[in-house]
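Colleague: Sequence:
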Amino acid sequence: MAISKTLTLIAILLVLVPLNNSFSSSSDEDLLPELINLRSQSPTGVIHLSDHLLRRILSAKSPRPFSFLIFFDAKQLHSKPELSLPTLKNEFSLLSSSFLANNPDNNKIFYFTIEFGDSQASFALFGVNSLPHLRLIPPSATDLKKDSIQMDGSDLARLAESMAEFVEAKTKLTVGPIHRPPMISKKQIAVIIAAGLVLSPFLVKRVLSGGTLLHDKHVWMAGSIFVYFFSVSGAMHNIIRKMPMFMMDREDPGKLVFFYQGSGMQLGAEGFAVGFLYTIVGLLLAFMTNVLVRLKSRTVQRVVMLFALFVSFWAVKKVIQLDNWKTGISFWGCN
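The sequence shown lines up with residues -22 to -1, 1 to 313 when you count with mature numbering (1 follows the signal peptide of the UniProt record, and there is no 0).
Think of the hints as simulated: they come from the structure by calculation, not from any bench.
These numbers were taken from a predicted model, which means no experiment stands behind them.
Ideal Cβ placement from N, Cα and C applies to all residues, glycine included.
There may be inaccurate statements among the hints.
[What the hints assert, rightly or not] Once the Cα atoms are required to be at most 25 Å apart in a straight line, the calculated SDA-like pairs of lysine to any residue come out as:
1. K165 to K148
2. K304 to Q54
3. K39 to K67
4. K123 to L61
5. K183 to P155
6. K123 to N80
7. K58 to L234
8. K304 to K123
9. K150 to N107
10. K39 to N107
11. K150 to G23
12. K67 to L16
13. K148 to D133
14. K295 to I258
15. K296 to F285
[As the list claims (entries may be wrong)] Computed spacing ranges between beta-carbons, pair by pair:
16. K233 to P160: 53 to 59 Å
17. P160 to V269: 38 to 44 Å
18. S40 to W292: 58 to 64 Å
19. A102 to I217: 34 to 40 Å
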């Protein structure tokens, strides 16, 4: 009887093990279509990652048929401007939507956001204790702390473009260009055109009468200086990329970083500093060629010109030193 019972138990186990494997295989096969469905329900393709969904993904057999990128978020920290979490979250959504637009049939990577208030257990699994935080989980990852890849926080200052470079470097996938929405919507353009048409008779009358700011040379002078400063400071780049004026030092949270070491990007404060130096040189050159030459005293001309040349040389040297520091390439003996 004992042998009979033992044989019966062995037979039951032999039946249950294949059934368990078949259920696990079925669950793995259902995971990818489920993620595709969840992605299709999001306007940007970003999926909200819950503790349950994360356990479901991790229970799938390794290697999984996809990688996934997670943006760690905490709503209670959105009010801290030095973290720029709302901006980074929008850039992450822009990365996801651009990837889908450029690769509509690519299911090799999924984009997730996870909220600290809803998924503290998942934050603990990854060992995340500071934000902003972006992490890529490769298909073969089993240990979330050791096998996943964290993006350097300093690179997040370049927003969606730097995130795309990170994904392409670590997954060998092609993200493609980032599709940013236009600065002015079609409705705003229509309102501006309508306002211009309504005000055009009044404006034409004022222009013909000569009683406008357009006839004041000082306005044109100030405008030309502003355009010059705007162009050399890279302000348009900062506006389009939504670059912050400064960023928090990840090694020392109490310290602010105003100059980013690395080519390809600059912070707002850095652009203003460079623009200020270039503007000084431009104004001194304009002064020497339009005002200084009219002075009768040769001595005054020489003294002012030497001073202007000294200041201009100092300003240009500072710009070159900054470029050397950012790129690591030294030239002209400026160190």
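Colleague: Name the hints, by number, that the structure is in violation of.
Modeller: Per hint list: 1, 2, 3, 5, 6, 8, 9, 10, 16 violated.
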